[in-house]
Amino acid sequence: MITELFSTTVLIGILASGIRLATPYLYAAIGETFSQKSGVLNLGVEGQMLLGCFAAFYVTFTTGSLWLGLLAAIAVGALMGLAMAFVTVNLRAQQGISGIGFYLFGLGMSDLLFQRLMGTVETVQGFPKIYIPGLSEIPGIGEIFFNQNILVYGAYLLVPLAWFVLNKTTLGLKIRAVGENPDAADSLGVNVARVRYFTIILGGILSGVAGASLSIALLNVFQQNMTSGLGFIAVALVYFGAWHPVGVLGGALLFSMVNSLQLWVQVLGIPIPSDIAVMMPYVLTILVLVATVSRVRAPSALTKPFERDE
Amino acid sequence: MASGLFVMNKMLYETRIVKMEKKMKKLVWLLTLIVVLSLSLSACGGSTAAPEEAAAMEPFRVAVVMPSAINDLAFSQSMYDALLLIQEEMGGPEMFEIVYSENMFVVDDAAAAIRDYASQGYDLVIGHGSQYGSSLQEIAPDFPETSFAWGTTSETFGQPNIFAYSASSQQGGYVNGVLAATLSQSATIGVVGPIEVGDAKLYVDGFKAGVAATNPAVTVNVNYIGSFSDVALASEAATTHISAGADVLTGTAQMVVGAIGKAEEANALWFGTQSNQTSLAPSIVVANQVYHWEVALREMISMIQAGELGGKAFDATLANGGEVMEFNPDYALSDDAKALADSTIQGIIDGSITITLP
Amino acid sequence: MRSKLSTLFDALLPVIATLAALAVGTVMLLLLKVNPIEAYAALWDGAFGSANSFAETLVKATPLLLVALGICISFRGDVINIGGEGQMIVGAVLATWVGLTFTEAPGWLIIALALVAGFVGGGIWGGIPGVLKAYFNVNEILSTVMMNAIAVQLMNFLLRGPMIDPAQAELASKIPQTARLIDEFHLARLAPTRLHAGALIAVVLAVVVYILLWRTIWGYRIRAVGQNPHASRYAGIKVSRYMVLALLLSGAFAGLAGAVQVYGVNYRMITDGSASGFTGSAGFNGIVAALFGQLHPLWSIPASILFGALLVGANKMQRVVQVPSALITVLNGLVVVFVVSSEIWRHRRQRRRLAAAGEEEAQPKPDQPQVQKEAGQ
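One line per chain: the protein sequences are S, V and X, in this order.
So my numbering is basically just the index in the first sequence, starting at one, shifted up by 227.
So my numbering is basically just the index in the second sequence, starting at one, shifted up by 1100.
So my numbering is basically just the index in the third sequence, starting at one, shifted up by 2.
Mixed in with the good hints, there may be bad ones.
Incomplete in silico selection of chain S near chain V, CB under 10 Å [to be verified]: (1) Phe-233; (2) Thr-236; (3) Ile-241; (4) Arg-247; (5) Gly-346; (6) Val-348; (7) Leu-441; (8) Ser-455; (9) Leu-490; (10) Pro-500; (11) Ala-504.
Simulated from the structure, these hints should not be mistaken for lab results.
Glycine residues also receive a C-beta, built at the ideal position from the N, C-alpha and C atoms.
So here's chain S without its partners, still in its complex pose (with noise of 0.2 Å):
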């Protein structure tokens, strides 16, 4: 049964299925690097993405439109960010409480707007798969990488874009600089408070696109508390990364893999508790950064409030 794991039914499967998984998780851990790169920590993920779920599923049942559909959870998440900031860039509210406060909302509110608004479990018609001519045909690789839907295809862009953003522009250097230094960021005449909504608003949009990859993408279904604990392994995911949108690129496919794997070896009878199969993408996300002592550092200014100085 283990020689089975090597088969390669077996390794597209988990190959295509980690690229799957790892589609929300790196909307929502993307979005949380920019706003730890400028020193917020948002605890609120979760909250966002079924706030953004929701939205996205409710719109594109009752117009038929995805893109609105898609819109909508753009436009949930923005206010979501936008609330998030105005409580820790003006109020320098602690920034892991609130989180956990925005989350506490977004998951009643989802729930709330679900039961009044649709009353029971639907579903919708999602993205459809993106044909590539050529591409999709390859044995095994078409498989993996090019049988996918646009918001799949969206997350695996949005990571070079993330990093060009924040290693090559002056809007990086603004977002690093705040982050690292916001007393001297702001002497030299950068906004703080501004960098800082921007970053964390864009973290709103991106966790609410990471809503709708679930609900009108991938799983093209809404119920309560359905991303069950996703947002909070997509912060994690930005530990695991190392602030750096390639590492938490990485992160989110050891995650999803694993738990492709974790299912392929129940699929298969290996006789491990299922329990403890659950275990293993937790476990193996820890031991690979024992494995490999990162040295790398928190953005110093992270989770500490801004006040200028006169």
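We have chain S; now place chains V and X onto it with these hints.
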């Protein structure tokens, strides 16, 4: 958690409080606006089913505590639907009052709810989850006038005012298994479960027994995903089954809504349980095992009205109508298969088929 | 030096913020066509209306306070512990094992041993992220999130396998729960309610944690490392060691909370597959309670009671006016956001005072948590 340096900064410098305060006021208004805006989204919903005041006749009053939402298309909904049905039979809310606490997954909160309902003099307080039994055992002796019920189990703790109810979900699982083995062409079937316990385990074990009895050559792959809520992982589990060659799937608990979608995409067949899941994928759902708790509830209510408050365990079976196989009329099940299903149901009812569980 | 009124205002700020959040909640209740007065009357009634409901509030507040005490330690040491859920579970598992294994021993001994076991179990589950952070540079938010998930699966595995109630192992229902602790092992009830001795233990420990943090060298070093690790290292403090200690103690108190829940409330462990089914999310809510209490062990007592009252009262409100439980979650979130946002007013007044007095940090006293908060935040 600011650094000492930061604290010093704060102490050393006075900030521009006045200016900030003006800005703040604007922003407070903005926040309020956002909150109100997002709330107004919810305005279009209807009103809640608030308990009505007692009419001329004394109504029968039921309180139910449930672990998930009343509209979960699974375990909790099966009970809520049954209560609504009885309400209709008994003549509406004036005659049969229902109050509920949903999403009471915190055992401790559920205990508080059960105690509170009991102290308000409800005729019957139902703890619809096997995790509530321990609490009922504590609470019931304090309210000898109130009747309690819990499920799914057969344990009444020898208390005169506790009813127990369970479902022989292995029976419907067995029927589903027989049909699944007949319809599978790839001879591989996938099962998505939450945690290997209780009702879920019983259903899955029955399902496996049904498959084995019909065609031992068919492989049943089982995947317990370790959660009742992770829709994404349930969906990926279904995809894994399909990649492993399964062309028929089944699953239990509320997170399987994610798996049904994947089955539909791959055009694999689906067998449901706990509630009728046909509406989610009308083209591929073959049959559902549906719980009709009203069968047990009716008997409980008439016993309570006759002054007997508990001490009995009910089991929903195919024989007593507590479990019903509901076939999807839109799925073209062949006559042979339908006949096989019917004879299996009949065999379980008359006892000629016995299901041996591991 | 500063007016009593001002102290009162600071102390009442979380209450005022909570009321403001509930005021926003009024809009939602109206949208749901529920009479807000009736709803909030039910909330009050559920939390404080009778001796029994106040006892329920205290029962709810007990694990919150225990977790909050641990949070006071870890956050003052500048390590973020969001692993309270997992630590509660592991503590409870170990404590339950003690009570189910040594059934012949006297009750007082087993209760004492079980509480120690809970403390140790939580300590291990908190200590691992501590070691990972201090010696392997693994961020504690990451490791505690992962450790929560691992603890849940561990609990599910144990309760449906090795630790399952022998009675359930026989039945078809196979409910994943342990056997019930025998009556001698239950924590004493303090009144004809569910209020149990665990509440007293938590209050006593609040004083102990206060002494630990401000009257011992360990506590001084934990806080020093939290405020400025570089300066601490320069001053000869073994920073890594105190990071581990902060997380370990933090986890230990959460583990104790888990043990107290088993021995004082449930008398057995039951799982519904999720963490919150057992913990009631106290591992998370305890963080909020600690922050409400300005990371001060003694102020965490009223803060936990306030938050416990809100949770208990909200459940009552759900039952009385039959609003969806989701509304309660929303209100809960709003309260957290409002309370944490209201802090700015306290800070600002304090800064004004400090500027006026032109003083150095005052000697911390239990009735002056504001100053300590500033030092440790």
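A quick look at each hint next to the structure:
no. : hint    : in the structure
1   : Phe-233 : violated, 14 Å
2   : Thr-236 : holds, 6 Å
3   : Ile-241 : holds, 9 Å
4   : Arg-247 : holds, 7 Å
5   : Gly-346 : holds, 6 Å
6   : Val-348 : holds, 5 Å
7   : Leu-441 : holds, 6 Å
8   : Ser-455 : holds, 4 Å
9   : Leu-490 : holds, 4 Å
10  : Pro-500 : holds, 8 Å
11  : Ala-504 : holds, 8 Å
When each numbered hint is compared with the structure, a violation occurs for hint 1 only.
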